[in-house]
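Starting from the given sequences, assemble the full structure and let the hints guide the process.
Spelled out from the first residue to the last, the chains are:
2 protein chains.
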Amino acid sequence: MNALKENTGYEGWLRFSKLTNANLEAEYRTFFKRLVMSEESEILGTAKEELVKGIQAILDTSLECSDQAGQASNIILATQNTKIDLVTTLVGDHSSQLNEEGYILKTDKETHSVLVYGKTDKGVLYGVFHLLRLVQTEVSLVDIEIVENPKNQLRMLNHWDNMDGSIERGYAGKSIFFEDNRFVEDFSRIKDYARLLASIGINGTTINNVNVHEVETNLITEEFLPDVARVADIFRAYGIKLFLSVNYASTIQLGGLGTADPLDENVRHWWKEKAKEIYSYIPDFGGVVVKADSEHRPGPFTYGRNHADGSNMLAEALEPFDGIVLWRCFVYNCLQDWRDRSIDRARAAYDHFKPLDGQFKDNVLLQIKNGPMDFQVREGVSPLFGAMPSTNQILEFQITQEYTGQQRHLCYLIPQWKEILDFETYAKGEGSPVKSVVDGSMYEYKYSGITAVVNVGNDMNWTGHTLAQANLYGYGRLIWNPDLSTEEITNEWVKATFGVDPQVVETVTEMLLKSWSIYEKYTSPLGVGWMVNPNHHYGPNVDGYEYDRWGTYHFADLQGIGVDRTVATGTGYTGQYFPENTSFYESIETCPDELLLFFHHVPYTHQLKSGVSVIQHIYNTHFEGVEEAEELKNRWLALEGKVDDVRFRHVLARQEEQAEHSKEWRDIINTYFYRKSGIADELNRTIY
Amino acid sequence: MNALKENTGYEGWLRFSKLTNANLEAEYRTFFKRLVMSEESEILGTAKEELVKGIQAILDTSLECSDQAGQASNIILATQNTKIDLVTTLVGDHSSQLNEEGYILKTDKETHSVLVYGKTDKGVLYGVFHLLRLVQTEVSLVDIEIVENPKNQLRMLNHWDNMDGSIERGYAGKSIFFEDNRFVEDFSRIKDYARLLASIGINGTTINNVNVHEVETNLITEEFLPDVARVADIFRAYGIKLFLSVNYASTIQLGGLGTADPLDENVRHWWKEKAKEIYSYIPDFGGVVVKADSEHRPGPFTYGRNHADGSNMLAEALEPFDGIVLWRCFVYNCLQDWRDRSIDRARAAYDHFKPLDGQFKDNVLLQIKNGPMDFQVREGVSPLFGAMPSTNQILEFQITQEYTGQQRHLCYLIPQWKEILDFETYAKGEGSPVKSVVDGSMYEYKYSGITAVVNVGNDMNWTGHTLAQANLYGYGRLIWNPDLSTEEITNEWVKATFGVDPQVVETVTEMLLKSWSIYEKYTSPLGVGWMVNPNHHYGPNVDGYEYDRWGTYHFADLQGIGVDRTVATGTGYTGQYFPENTSFYESIETCPDELLLFFHHVPYTHQLKSGVSVIQHIYNTHFEGVEEAEELKNRWLALEGKVDDVRFRHVLARQEEQAEHSKEWRDIINTYFYRKSGIADELNRTIY
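Chains as they are written, first to last, in UniProt numbering: chain A, 1 to 688; chain B, 1 to 688.
No lab work stands behind these hints, which were simulated from the structure alone. Just so you know, not all the hints are guaranteed correct.
Since the list gives no way to pick out one identical chain from another, each pair is judged satisfied if it fits inside one copy or across any two copies.
In silico SDA-like pairs for lysine to any residue, Cα to Cα no more than 25 Å straight-line [stated by the list, open to error]:
#1 Lys-663 - Gln-336
#2 Lys-354 - Gly-440
#3 Lys-663 - Glu-295
#4 Lys-663 - Leu-335
#5 Lys-663 - Asn-333
#6 Lys-663 - Asn-533
#7 Lys-663 - Arg-549
#8 Lys-48 - Arg-15
#9 Lys-663 - Asp-340
#10 Lys-241 - Thr-582
All values reported here derive from a predicted model rather than from experimental measurement.
Here it is as structure tokens:
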């Protein structure tokens, strides 16, 4: 580790500190002597390198490397092609349980050996990172027998990086890929990034913004493809496929065709030739992400075609190379007239895409944001999940904290994502959670999975707020296996990042686990969302989007607030869910408090299930949220001396900002609603 | 006139079209034959050039030039130094009535001669432009006998141009002085600009923003002074002195002194040397404008000094060269806590400066915005006017339409400025209007006058909206003589700009005269102000500044709205006026409707003097305003064919935007107040 980077958070969770637990160290030393690997591949080479480096750092031991197992103390990296007796014995019949990316971790007490076995070399790499995590978090290796398969096939990230170096919705510095409209000169940071991603099982990423501007359109030309290929080379060694966001209108901007009509023969031909060209540089290119006909981006609508026409045209071009098309469903009218209450942006994705089910080629996936609006701190789950049995779907989360504090506030999102993945769609009756849609088990999807807008930039600690690294880590772990508990994931991350001191682990864990609830409390209440400053989306502004064109309203007046999305009297959005959910949300009796204002317009005096009125709930949660934000800071303060000084002070500064800024939220929201409703706080706390 | 510029509005009001009135042409031809001038000076040269060019264009006649009067048909340009008998005869005893910039225009029926006589050459230049205006607007020259003196000594403009070419609050393109952090290459446009300014009597201007950023700080160094001097040369020929905005902290940024303490000997010495340097390049340099301790600009407060200390230090340096310091009074707490209702930004200038009366050197002027807030469509008049008998004052208007439609809406400001100039301060009892403060007649000011933030950029028509030229023209004419009526000024401008067709004159005049009232109607009601989008200030946003740090609030709740600035129950701002005005504004009985919410917080049900309630007034004016904005467009439409096509279509596009955008204002403001008050429109018009 470069001295400059030490304790800055640059290592992230791959922070292999020297072990201080003497008993465990003794145990580990009985295992870690000889690294045995009888095959070679680029990814196996990575696995070996990571293991040697990690063990060196943790145990201060240089592993002896061999292609043959010794009598004892072997760490064997093996695949189905490995011909070593001990491997065959240890694997037994487990091998049939593995998928292409799965692995077995197993210790042999007799020989004090550890087997890391993958059906393929990617499995071995994931197994090595798992083994390192066990050691790093001080788990005994005696009696380890683990069989792991990723639940989701595509485990992706989306970068919203622009080639000028800026990042749309980036809160952690500039791009690690681009600067000054070209690629960065030093790619070493990209390799460090690939390590972090592989260690949590990410297997695909885009590197450029879904809003593909002029310069970025050229990424698929000979001007930039050699550089793109160099980045793909780095990721490939870590089992990660590279994807690009492409400009739907490339045939016009690059091809000089004058049209991007997906049914035009010249357009189709151009893309086929373009695909050939891309694959000549990057034989395992993953495919493309497309934002079309959305927020002023070009798309097939211009030519009277639909989204199936548009995406299939691209899919046809990528098909010969096993490339895929990730077609975003974030399509809505962004020039809405706020006066027209009959339009509901929440309906848009379903209305646009559901009727097209079955019309997409089998290498197209629809990329669907978790909610129907846009990554609010709380909103309904998109009704598209489960609604398209014949169309591949990939779920899109947002790790970058656009609406959740922009990595200046702490907001740990794993609990939110788990709720969404566990959301019961009733698509095939009870037991049809979202996670079963996107892992491909509910319908026969050829491709499916989860992606997310990442929170990484070139800040030394990658994510701005050091604790925001937990969102990236947790994302990877959760989409590997959505059945992992939040507590398991959090415990792993805290220990790997800050060590095993119980006070540190307990404090940081509690801070993370409470943070989403705290952020929700002092920001927008009861699922209503959007009370943020326009454009940059930081800080409170109750009417910020109320009279604008974005379809994002709360309709607060002196009597009440909320969006009536019922079938009976509102926009009918609730009718897009399967019947059980329709009636659940339709009825104010069953609709949960936390989403009440997302689905209903109610008086401020409406009594919540919690027993208090809507207005009193607003006041209470905003006062509580500030107190709890203050507590977050104080909890962290108590760790002084237990966390290295650089990271301690860095996190403290963010928690101080959050504690201060939460007051601004509290006072503006409370004052707004007090001035509007005229109803006093029952507890007579200060409202301005 | 360059063909490219023809009919674009580039000529402004110096649009010398060929005369079409045959009778008048015959009359004029009897006068315009020989131009007689027996002296020489740079400014006289300008006067001669302008007269020859103008008459050439209007009458298609080349004037014969001579230094001696002939028997008949002389146009004589003369000063007190001229030795021509006819001049002596014609001037008679009028010469004693003239000040340094005054002039006499007089015709001699017997010899069909016209005398343009100034005490100095500047008077001659102004007289020539007056003569040309008479001809241009088709006034008979028989029996002309005019004696004119400018009422105000300083008649200035402030440019808020940055050296990167941008203009703060500019709505007419980029800077005509700067681009890419240097001066423009072609100075010919600056000369055309100087002509326009001289024709309306402007005698001083700054060229750079009062917010003096890093590059602009260097304008007073050898890097840029040669260019500044070249610009000064151009202006000098038109009788205009050049001023600069300077960075108060120049001693730190340029001088490397580490301090800008005005009492520090090194600081004082540095500025004295700097003044010598500036005057070595520009012997008649006007002086400096300083925005100090305002909106994050540096100033004397940093060193525990006051504004007298700060400005006197600069004044001392400029004094040997007759330079002056224009010290802005726009000083307030721009980091205000919106929760603290006891602070009132409106009080700030008076509170800061009034106690310092008498402490300023006599070459310092306090530059005071017309109102205590910031150039709103309607606000009170600054109570500083008349309140500092021993301190020179200069009034600052804003021609650029920051808060009044940004030259996309029509808003003719002469009526507003006249109200302000005529405002009765009661400083010396009845008959103490603002105009008598700033023209120096009320107190013994060594320097005084009026300045304004100009609305000019490099758009072909200078001002974005062609009709916004009327604000610049009218400003110059009004500050020359605040007793001119709005109607006189408007009539001059319309005829000079669009010709004398009665339908055109009537229509454009009516559009201009009604426009301020229309803009006020559909924007912020009853003097409350500030209901605009933050930062750029275009378009409605009722709460845009309500919870911000700028001290700009309306305090609307479900019961009422307005800022209580009374002594009895509010911030005490009314107490800053002279007693007659204090009690006038203090009492809700006498406070005029149009400023009610500026001075009082009242219920929506409060009945106005007009007979309707506050809420009904809001609804009524907003519906009316939109109808009237539509009428503006229709009035203009009726001029098709009467105005050249280029200017016709250009103005039409702006009026169309205004008509459309006024609906956005109407609907957002009405909806906001309907949702907040719950009180329905008595006429049941559509509110959303």
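Verification of the supplied hints:
no. : hint              : verdict
1   : Lys-663 - Gln-336 : between (33 Å within a copy, 15 Å between copies)
2   : Lys-354 - Gly-440 : within (18 Å within a copy, 76 Å between copies)
3   : Lys-663 - Glu-295 : between (33 Å within a copy, 24 Å between copies)
4   : Lys-663 - Leu-335 : between (33 Å within a copy, 16 Å between copies)
5   : Lys-663 - Asn-333 : between (34 Å within a copy, 21 Å between copies)
6   : Lys-663 - Asn-533 : both (16 Å within a copy, 23 Å between copies)
7   : Lys-663 - Arg-549 : between (29 Å within a copy, 14 Å between copies)
8   : Lys-48 - Arg-15   : within (17 Å within a copy, 83 Å between copies)
9   : Lys-663 - Asp-340 : between (34 Å within a copy, 14 Å between copies)
10  : Lys-241 - Thr-582 : neither (39 Å within a copy, 75 Å between copies)
The structure fails hint 10 only (numbered hints given earlier).
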